[in-house]
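Student: Produce the entire structure from the sequences given, and follow the hints as far as they go.
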Amino acid sequence: MDSRRASPEASSPLRVLMPEPTLKVALVALNRPGYQSLALGYLRAFAEADERLRKRVGFQTLDLTADADAWLVAYRILRLEPDVVGFSVSCWNARTIYEACSILRKARPEIVIVLGGPEVGPQAENVLGDNPSVDLVVRGEGEATFTELLRALLGGKRTWMCPGVTGRNGDEIVSAPDRPLIEELDSIPSPYLSGVIMPSEALSYIETFRGCPHRCSYCYEAKGTSGIRSLSRERVEAEIEALATAPGVRTFSFVDSVFNLTSERLTWLADALEPHARRGNRVHTVEVDIERISDAEAAELRRAGVVSVETGPQTIGAEALATSHRSFDADRFVAGVEALKRAGISVECDLIIGLPGDDAFDVIGGLRWLLGLDPGVIQSSTLRVLPGTDLDARAEEIGLLFGAEPEHEVIQTRGISFADIRRLEVMALALQRGYAARL
Amino acid sequence: MMGWELRSCLLRFTDIMLGDNGGTWCRRCHGAREETLRNPADVIADVRAAVDSWDAAPGPNIALAGAEPFRHPAIATVVADAVEAGAQRIRLDSDCSGFSSATTAEAVIGSGVRHVQFTLLGSMATLHDSLCGTAGAFERTIRGAKTFAEVARASNTPVQLSAHVPVCRHTIRDIAGIVGAAATAGASLVHLALVDEHLAPAAAAPWIGAACDTGVVNAVWVEVGGVPFCLAAGWELHLAPIYRSVEGAKAAACGRCPLDGVCGGAPQGAGGAVLAALQPPADADGLAARISRSFEPPAGSHA
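Protein chains in written order, with the working numbering: chain A, 1 to 439; chain B, 1001 to 1303.
Simulated from the structure, these hints should not be mistaken for lab results. As the structure is a computational prediction, the values presented were derived from the model and not from experiment. Ideal placement from N, C-alpha and C gives every residue a C-beta, glycine not left out. Keep in mind that a hint or two might mislead.
Cβ-to-Cβ under 8 Å is the rule here; a few derived chain B residues that face chain A [stated by the list, open to error]:
1. A1056
2. I1109
3. G1112
4. H1115
5. A1154
6. V1159
7. I1172
8. A1183
9. A1185
Quick list of the computed label-pair ranges, beta carbon to beta carbon [to be verified]:
10. S1292/B x E237/A: 51 to 61 Å
11. R1169/B x A318/A: 25 to 35 Å
12. R1256/B x A66/A: 53 to 63 Å
Just so you have them, the derived chain A footprint on chain B, three or more residues with Cβ under 8 Å [said to hold, decoys possible]:
13. 1030-1040
14. 1117-1123
15. 1219-1226
16. 1229-1242
Tutor: Rendered as structure tokens:
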């Protein structure tokens, strides 16, 4: 990739006034309305802090909605006239993004198209093979890789040699070695504290650690790594302060896979959040390990201003639990829900339809059991077999059929037929509506 | 009415009778009936008793049925009393004509009603109106249901619309269309109840199966009461007993089989020809075990 392709201005008369090539970068995410992508915020904050990119790279972030039409996505991007466009790709927006890439490539052949995110990283070579419009895929954690990639583009270097990147060398698709994870997460500037993301009501999220203590076979949260990497307490407290005191923001949340990771951690989070909770700030929909929630932990959550939590059990079927590498203790689960209800915290319980090992009656049994528990919110979803997950790797072995294209929805399992999965989806939806319709 | 559990299978509601002989029914099966209304004090006493005796989450849930709620002079008081007593879900079983104005729908939702169930006998006005004996009834029901749903959506209030469909000789060939009409009106749940002892379940089963499929492709769940498991091969998940235990409810007309604990069995009054057609499914033992499992709390949980 030479700098002429990366910088269309290079051939213009202005070239003589610019001693070095520059890049205009558009970062694009498709999510729910109003949400500002935290992942892109991190990417941009990290790159903007890089000395070698400073004053040479300009960023624009486009947070569009997941239901946006690919042509309009392309339109919005092309209006920015970027040299590089980076997409954050998840299973729910991948099809639209692939189509938008195809349009962009035809409209502006010189544009550099980079994809990253959980949908593409684990299958980077396949994505490039299937999508000739895409130049590069960033695998795994993106901040350092994307920054180095931009440096390479500016310097006219071979981008596909950057660790963590899969790209094209002529007609060949090549993957550079993996990039080690960032050990010190504080080295990634905060998107909130750096002004990259402006906090907005109920749509802003704080990350306090990366990784997950669990290894659920359908989930990509742990990203094939072990261990938890935390941001410092000072950094988290500063972000809490920034969100809680932002104009118009009364509620925000956390993206952590387990908000109550340890009791000590929950206590210091409550300490940090309590002053804001006293002034009316609220924390919504944090994910918790509910089987560890006692009355004391529920009180800590309440002290932190938490008004709602999200949790499993995903399934109560013994075989599916084993296949999913999940543990489930019904007594402790019930105790956790009851403790939260006593503390006045709404509990959303999630079930997954189509987990290998479950049959239709396990799913129905799970819904019936949750109804009896009366947690506040019951939410079901159909299994998506995400790239890079254990289920993806073992699909053939366990007889799991799913869509090759995103969103990779389960088609059928050994335990549940195609038709029964569709039936269960509709039945669960009716049940959820009926359950939610109450005083 | 036959001896099956015909009420909603997903959420349990206790019926509170506002009167008798009300609602929408097939006049070709049952002829004309005179609706009578109960004394408000008696209704309120029943509401309080139902709420006080409610013994299992989620609830208490009550359905105001038996007469058209909008014709009951004390309906507002009854609903207010149910709210005060602690009812969590209040359902009106209504022809929805009272929701012809958005103002009324707003008031009803504001009073605490979150569930409305209407009855359809046909997928279009000519069929429904002729069977229920009231010109214009179909349009009023569909329009009222839509208004209720729109008002709820506008106020961001979660509600559920459901449809009750009595399956008899006169409605059987139209029930797939009725499910489609219910979906258009905004229902997310349809109860098909086989209520005609002169309608052979074996003959009705294919029509009911098609209606269930119509529901699936329209994102409407169709639950079926009154059909034994042995006639529902391939669409067993739609049978109401899977969702609510009907142990002991099996009709005597049907012989013993492994599904006794979960199946409603053959219709009462079924003749020899009907009974001869009923054979337990090939995997009746396994099916019974799997269904029963869904009624048990998961291992390690408290009862």
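Student: Regarding the hint that I1109/B lies at the interface with chain A, is the smallest CB-CB distance below 8 Å?
Tutor: With Cβ-Cβ at 10 Å, over 8 Å, it is violated.
Student: Does H1115/B pass the interface check with chain A, least Cβ-Cβ distance below 8 Å?
Tutor: Holds, because the Cβ-Cβ distance from H1115/B to chain A comes to roughly 6 Å (cut-off 8 Å).
Student: Can we keep the A1185/B interface hint, with Cβ of chain A closer than 8 Å?
Tutor: This interface hint is violated because 15 Å lies over the 8 Å limit.
Student: Between the segment 1117-1123 of chain B and chain A, are there enough contacts, at least three residues with CB-CB distance under 8 Å, for the coverage claim to hold?
Tutor: As far as the segment 1117-1123 of chain B goes, the hint is violated, because 0 residues have Cβ atoms under 8 Å from chain A.
Student: Using Cβ atoms only, decide whether A1154/B comes closer than 8 Å to chain A, and label the hint accordingly.
Tutor: violated, 15 Å
Student: Holds or violated: A1056/B as interface residue toward chain A, Cβ cutoff 8 Å?
Tutor: Holds, about 7 Å.
Student: Tell me if the interface restraint on G1112/B is satisfied: Cβ within less than 8 Å of some Cβ in chain A.
Tutor: Where the cut-off is 8 Å and the nearest Cβ of chain A is about 5 Å from G1112/B, the hint holds.
Student: So, V1159/B near chain A? Judge it on the closest CB pair being under 8 Å.
Tutor: Cβ of V1159/B sits 5 Å from chain A, so the hint holds.
Student: Verify the CB-CB distance for R1256/B and A66/A against the hinted window 53 to 63 Å.
Tutor: Because 54 Å falls inside the window, the suggested range holds.
Student: How about the segment 1229-1242 of chain B: do at least three of its residues have a C-beta closer than 8 Å to a C-beta of chain A?
Tutor: holds (count 5)
Student: Take a look at whether the Cβ-Cβ distance between R1169/B and A318/A falls inside 25 to 35 Å.
Tutor: Given about 46 Å between the Cβ atoms, the range is violated.
Student: Does the Cβ distance between S1292/B and E237/A fall inside 51 to 61 Å?
Tutor: holds, 53 Å
The structure fails to meet hints 2, 5, 7, 8, 9, 11, 13, 14 from the earlier list, while all remaining hints are met.
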